[in-house]
Structure formats: structure tokens, C-alpha cells
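**Student:** Here's the letter readout for the chains.
There are 2 protein chains.
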Amino acid sequence: MKKYRLLTPGPTQVPEKALLAMAKQVTHHRTPEFEALYHAVTQGLKEIFQTSGDILLLAGSGTAAMEASVTNFLSPGEKALVLASGKFSERWRDICSVYKIEPILYEVPWGERFNPAEVSHYLMQYPDIKAVFGTLCETSTGVGHDIKGIARMIAETDALFIVDGISAVGAVECRMDRWGIDILAVGAQKALMGLPGLAILGISEKAWQKSEKTKRQAFYFDLSKYRDCGRQSTTPFTPPKSLMESLALNVDALLKEGIENVWIRTANLAAAFRAGLQRISVRLTTPYPSDAMTAAYIPEEVDAKRFMKILENRFGIKFAGGQGIFKGKIFRMAHFGIIDECDILGILAAIEMTLKMLGCKVTLGSAVAAAESVLMEGDVEQGNQAKNSLCP
Amino acid sequence: MKKYRLLTPGPTQVPEKALLAMAKQVTHHRTPEFEALYHAVTQGLKEIFQTSGDILLLAGSGTAAMEASVTNFLSPGEKALVLASGKFSERWRDICSVYKIEPILYEVPWGERFNPAEVSHYLMQYPDIKAVFGTLCETSTGVGHDIKGIARMIAETDALFIVDGISAVGAVECRMDRWGIDILAVGAQKALMGLPGLAILGISEKAWQKSEKTKRQAFYFDLSKYRDCGRQSTTPFTPPKSLMESLALNVDALLKEGIENVWIRTANLAAAFRAGLQRISVRLTTPYPSDAMTAAYIPEEVDAKRFMKILENRFGIKFAGGQGIFKGKIFRMAHFGIIDECDILGILAAIEMTLKMLGCKVTLGSAVAAAESVLMEGDVEQGNQAKNSLCP
Numbered sequence: 001m002k003k004y005r006l007l008t009p010g011p012t013q014v015p016e017k018a019l020l021a022m023a024k025q026v027t028h029h030r031t032p033e034f035e036a037l038y039h040a041v042t043q044g045l046k047e048i049f050q051t052s053g054d055i056l057l058l059a060g061s062g063t064a065a066m067e068a069s070v071t072n073f074l075s076p077g078e079k080a081l082v083l084a085s086g087k088f089s090e091r092w093r094d095i096c097s098v099y100k101i102e103p104i105l106y107e108v109p110w111g112e113r114f115n116p117a118e119v120s121h122y123l124m125q126y127p128d129i130k131a132v133f134g135t136l137c138e139t140s141t142g143v144g145h146d147i148k149g150i151a152r153m154i155a156e157t158d159a160l161f162i163v164d165g166i167s168a169v170g171a172v173e174c175r176m177d178r179w180g181i182d183i184l185a186v187g188a189q190k191a192l193m194g195l196p197g198l199a200i201l202g203i204s205e206k207a208w209q210k211s212e213k214t215k216r217q218a219f220y221f222d223l224s225k226y227r228d229c230g231r232q233s234t235t236p237f238t239p240p241k242s243l244m245e246s247l248a249l250n251v252d253a254l255l256k257e258g259i260e261n262v263w264i265r266t267a268n269l270a271a272a273f274r275a276g277l278q279r280i281s282v283r284l285t286t287p288y289p290s291d292a293m294t295a296a297y298i299p300e301e302v303d304a305k306r307f308m309k310i311l312e313n314r315f316g317i318k319f320a321g322g323q324g325i326f327k328g329k330i331f332r333m334a335h336f337g338i339i340d341e342c343d344i345l346g347i348l349a350a351i352e353m354t355l356k357m358l359g360c361k362v363t364l365g366s367a368v369a370a371a372e373s374v375l376m377e378g379d380v381e382q383g384n385q386a387k388n389s390l391c392p
Numbered sequence: 001m002k003k004y005r006l007l008t009p010g011p012t013q014v015p016e017k018a019l020l021a022m023a024k025q026v027t028h029h030r031t032p033e034f035e036a037l038y039h040a041v042t043q044g045l046k047e048i049f050q051t052s053g054d055i056l057l058l059a060g061s062g063t064a065a066m067e068a069s070v071t072n073f074l075s076p077g078e079k080a081l082v083l084a085s086g087k088f089s090e091r092w093r094d095i096c097s098v099y100k101i102e103p104i105l106y107e108v109p110w111g112e113r114f115n116p117a118e119v120s121h122y123l124m125q126y127p128d129i130k131a132v133f134g135t136l137c138e139t140s141t142g143v144g145h146d147i148k149g150i151a152r153m154i155a156e157t158d159a160l161f162i163v164d165g166i167s168a169v170g171a172v173e174c175r176m177d178r179w180g181i182d183i184l185a186v187g188a189q190k191a192l193m194g195l196p197g198l199a200i201l202g203i204s205e206k207a208w209q210k211s212e213k214t215k216r217q218a219f220y221f222d223l224s225k226y227r228d229c230g231r232q233s234t235t236p237f238t239p240p241k242s243l244m245e246s247l248a249l250n251v252d253a254l255l256k257e258g259i260e261n262v263w264i265r266t267a268n269l270a271a272a273f274r275a276g277l278q279r280i281s282v283r284l285t286t287p288y289p290s291d292a293m294t295a296a297y298i299p300e301e302v303d304a305k306r307f308m309k310i311l312e313n314r315f316g317i318k319f320a321g322g323q324g325i326f327k328g329k330i331f332r333m334a335h336f337g338i339i340d341e342c343d344i345l346g347i348l349a350a351i352e353m354t355l356k357m358l359g360c361k362v363t364l365g366s367a368v369a370a371a372e373s374v375l376m377e378g379d380v381e382q383g384n385q386a387k388n389s390l391c392p
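Listed in order, the protein sequences are those of chains U and D.
Going by this note's numbering, 179 is the number at position 179 of the first sequence; the sequence numbering is gapless.
Going by this note's numbering, 140 is the number at position 140 of the second sequence; the sequence numbering is gapless.
Since the hints were made in silico from the structure, they are not lab data.
Keep in mind that the hints are not guaranteed to be accurate.
Put simply, identical chains are the same to the list, so a pair is met inside one copy or across any two.
Unchecked claim - 20 Å max Cα-Cα, derived SDA-like pairs, lysine to any residue:
(1) Lys215 to Glu102
(2) Lys327 to Gln232
(3) Lys24 to Glu245
(4) Lys361 to Met1
(5) Lys3 to Asn313
Could you build the full structure based on these sequences and the hints that come with them?
**Tutor:** What follows is the structure in C-alpha cells.
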């Protein structure tokens, strides 16, 4: 009878409807029925990505989308600016290195944020930078980067802005076209609440133009094939059709709520959760948290392994732990998907109890009370339709 | 109330148990539970591949496995012999070209088979051939190639034998280690009855040794990462865990029946189906059909589109059509998976009726009778345990 609560910043819990779609018998993908599905899901994703560019779907993990974002748009020997601060943004550097693209690193300590003015500085110093690699939400640190501000600096140049939006697109504000993102890489298993195995790319016209002049070394990741097939509502290789069908239901649900309302809802949950943590002196890893997730230190006086174990064994709460320099020091939790107010409150209470059991000074109920206050503030805010529609 | 029968040579119908596993809530993949799943499914696949080498699982289509089979084992400028005769074997040539590997083509007309002696001849003529690319079942033509015979020729050299087994491993005899296949690429959605989106590779020690000396240009497809993680029962990138869980059930079922019994069962179904077609003068595309599938010409006097349409609309039968030079001329049907005797008989009857409706001379019941005779012959054959266990 153990209840399992998957709260990691991806994969996340999949809505029941989308799960049941996975149990449908497989049908063939070279059919008008598949074309209609493909068309519907890519149209819906355009709205979520806020783009009128192409949406491409690849069978693969988020890293597949990242690699395709490199090899289709940069030739060996070209320079790229990599904004590196955390496990996933550092992956951009690693992929560039494999393809002999020269990564120029703008690094800040894990938990810090990149300064748009500094990005501009790099672009002036190296006018031959062909692309800038950024990260909307660095899942290893919980930082929400200022993609809008950075995009403004890049827009004045010929460089492409290539953004890993894997763990946050669909959860937090991200306006691909308006902000000036050229390539946006996303995984289905994060804020889009799909099952792992499907990667999604948004591609701008500026990116396609650069792609034409690029020496590509790719077959499966040759995105021009996906574009050309995609414009006929089909795919170059056998698509993971069931994963797409399931995702299509989530896309519909997000758009029915309204993508901006989803962003507000997620932000409210994040604010409430953090107010709760703050009340019991649990520190965040960063002053710039993405609303897609929270990463916070496990109090030093506490045995981190026991903390995670009690939460999992007694309360069924599955957080992600830390990676790299944060290993054994932090926990990470998503705010996107079907995690709701009642979940957030229960989880805060479980954290209170766990810390108390492990000898911390905690006033039981205090974190929960702080979160409740934040959630009730929202109720009287104007225009907060999202939450009202959830708790009518 | 329309009943849909997916009979294409992949994707194929997924057993109910495996479908229901897809509807289970997602759980995290960095857990002991995932490690146990990973271990179990790769161990089971070793038995199906008949190898003691490494089994690697990639999120991607079968083509992803093919590309990884090229880029990890051949350096730019090296020569490879490509046995090309059909849409899928020609893909080996295309992938080699992308990676600047020099493909030497041994081509035979679509529907024909490669001669092992000729392969040996090529290997002697070009002693610097580093790998031979073969195809167990060429899905576009229905040909079952003599992989065992070809392997024998290659075993005497230092060249690797890299085989696309995507549409037939698990359906027909294929003994990776004993025959001397170094790399075997498979897709989950064929004889393994999984959903599309998961690719599987078997890798020999000889292949790993060559890989160490290879100039690799890959990140997502860098198989050394999958090997090193895999030996710890984990994966380098977020795995499509639900697809693996579902596949694990099919692997169990196949091994419970016994993989050799599965081969016999599939061969019996193929023989029965072909005897039926022959009786009504429907010609195969090849004298060397793989038992994984049958590809046959739609009689010339018949409108091919109407033939396919009647089968689909009236009988719910979804065959694959032809590709390339066979487009509009043939139909293709799988014999693997949960397609059984009763299906085969019903399908033959539907073909009889459809041909008759379209003006062909067909004695109703004759194809079915021929198939029945073949299936009943099997009953008195010694050691045919597979069929007996299916029809006790």
C-alpha cells in the first residue's frame, strides 16, 4: 500500500490520461491518423514554446536534442560561447569538444547567475562566436538563468542563441520568438509530463540559415530530415508514436489551462514551498531559483542520507539528491507537472517532521503555515486565474 | 467496433501485459529498482541475442543503433564492405558516407541474396576492409540473408561483422557469438514486441578492442559510456524506463517459451502463410524469404491500392506496402510477435476474398487449406514443442 511520490525535477509524474494512452495497442505510423497526431502535437508545442518556427520530435533523451543542437548548426573549428555553471550547462562544452567546436567558457560558480552584460562583453571580445549556449533552468543547481536578458545581447549579433530548456519549458516563462532564442531543446519527461524517451526541438529561421552553411556530421541527428518530413507531418525514422500520443494529451491540458496560467501556478507553488523552507531555516542553493524547481541544502547538522531515506521510506517522497559538488548536500524538487498545493503542504510537513526526528530545532507546522500564507495571498491577487481554476 | 490488426514487419502488436506496464506511473531511474530492471532485461536479451557480450540500451529508433554501430567502430578514411540490397542495407552505406568511411559496395538486385564466397573475395581483394555491414532480414525486400555463412568468411579476418538484426532478432535463428557477429543492432518494436523508441545493441569483445583504436565523433552515441554505465546496471542519460519495463515482460515471455522454440514457431507460421499464397499463385518477392516476414507481389491484374484498402477497411488488416522499387507492387507482413495460427488462417482467407472481389480467379478456401496442411504436418514432427505449447 506504499504510495510513491515522484518529485524529482524530471522525470515527473505522468497524468493518468497520458498513462492510459500508453496502454493503447500500437498502430502504424505511416498513416493519415499519425499525420494528424503529429500535426496536432507540434502545433500545440509551438504555443508552449511560443514560436512560429519548426518543432521537431526525436526519439531520444534530452541529451539527444542537445547534441543535435550542436552538430547541425556549428562546423568544426567554429567558436561558441558556453555559459557553464552546473552539470548540464557543462554538457554543452563537452558536446562542443567532441565536434571540435571551440568552446569559449563563461563560467560562474554553481548557484550563481550569468550577467547579460558580461555575455555582451564576450561577444565583443570574440566577434567570431557563432553561437551562445545557455540553460533556462540548470537542473543540477536549481538556478533560473536570465535567458531573456542574455537573448537581448545576442540579438544584436549574428550568433545563434541555443538554449537547453529541457527541465523548464512549459513550467516557467520562456518566449522563444519574442526573446530571440534560435534553438530550444526540451525533454518530454519534465514540465510536459510525458514519459522519458522523447526529445523536442524548436528551431528558428535564423538557425536554419546557419545550418545550411554548416558542415554537418550526422545521420540520425540530421535535423534537415526531421524538418522536411515534419512539414509533411511525418518523421524520417520510426517515431515513438505512443510517447507522442501520450504527450499530445498533456499538451492539450496545458493549453486548456493556458500556458501563461501554468507559469503563474508553478511560480505560486515555488514561492510557497520556498517560504516554508525559509521559515525553518533550510537554505536554497541559489539566490536565483528557477520556479520550475527548488534545490536546497540539507541542514549540515543532519545526516543527509538519513534525511532522504526517512522522506522516502516513511512519506513516499522521492526527491533528487545533489550532483557534482552538491552530491550528498542538497535535495531537489520539481514544481511543475501534477504536483499541486496539497502536495506542497504535505511535503513541507514531512520535511518538518523529518528534520525534527533528526534532531533539528523545528517548530512543527511553521513551514506549512508560511506556505499557506503565500498561497492565500495569491487568492486575493488580481488576475491569478490559474490557481482559482485549480481550487475553485 | 472496428478491429485493427497491425501486421507490418514492425512495429508489431504489443502483448497486453507489456501495454499495461506502460500505464504504470513513472518512477525514478537512479534507484536500486531500476538497476534490477536493467540487469534483468539485459541478461534476458543476452539469451535472445545468444551472446555473452555487452547488451546496450539506447533511447532512439533502430537507426540510432545503426549509427552508433558505425561511428564507434570505424574511423574516418577506413574502408568498410557494405552488403547492399534494399532500403535498409543501403542505409549502412549512407551512414558510412556521413562519417567519411569509405563504403565498398557489394550489391545484388533487391530480392537476391549475398554469396558468402563473394564476400570472402572482397575481403581478399581489399585486405584493409575494417568491417562488413550485413542485414539479417532486409525488411524492404523480405530477404533473409545468410548471416551465418557470411560470418564464417569474416571470422578468418580482422574485420568486424556488423549486422542490422532490427526486424528479425528474436524471430529467426541468430547466434551472435557462435556465428561470429561482432555488433548486432536491434529495435524493440519488432520481434521483441516492444513499443517504438528503444534500440538495443549487442557488442563483442573484438568490437570493443577495435573501438579503442577508433577516432570516435559521438557524444550521445558514445557507446563506451553506455558500456561503463551498463556494467553498473545504469545508463549515461535518462533512460526510457517505461519502455524497458514493458520490454522486460516480453523478454521473459520469449525466454519462458524458449528462444529456439520461438524460432520454430515463427518458421511454421511463415511456411504455412507462404504455402497458402503459393496455392493461389501469389508470388513472393524473393526465393530467400526470412521467416520473420513475408513480402509478396500483389497480382498484376489487381489494383494494388484497392487490394490494400479492402484488406484494411473490411478486414482490419494493416500490411506494410512496398518501398523504393517495390512501391505500389508488394505487401509485407510480419510472422513474429503475437500473430498466431488463427490469425494466419483468417488473413489468408481475407486475401482470397479480396482477390476474388477484385476479379482474380481464386478457389475460396484453397489458400487456407494449404496453410492448414502445413500447420498439421508440424503437429506430427518430433520436437516441435513450441507449437504444441501454443495449441495444447
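**Student:** The structure should be examined with respect to each hint, and the outcome stated for every one.
**Tutor:** How the hints compare with the structure:
1. Lys215 to Glu102: For Lys215 and Glu102, the Cα distance is within 20 Å both inside one copy (15 Å) and across copies (18 Å).
2. Lys327 to Gln232: between (46 Å within a copy, 19 Å between copies)
3. Lys24 to Glu245: The answer is both: 10 Å in one copy and 16 Å across copies each meet 20 Å.
4. Lys361 to Met1: Intra 32 Å, inter 63 Å, cutoff 20 Å: neither.
5. Lys3 to Asn313: within (10 Å within a copy, 45 Å between copies)
Hint violations for this structure: number 4 only, all remaining hints satisfied.
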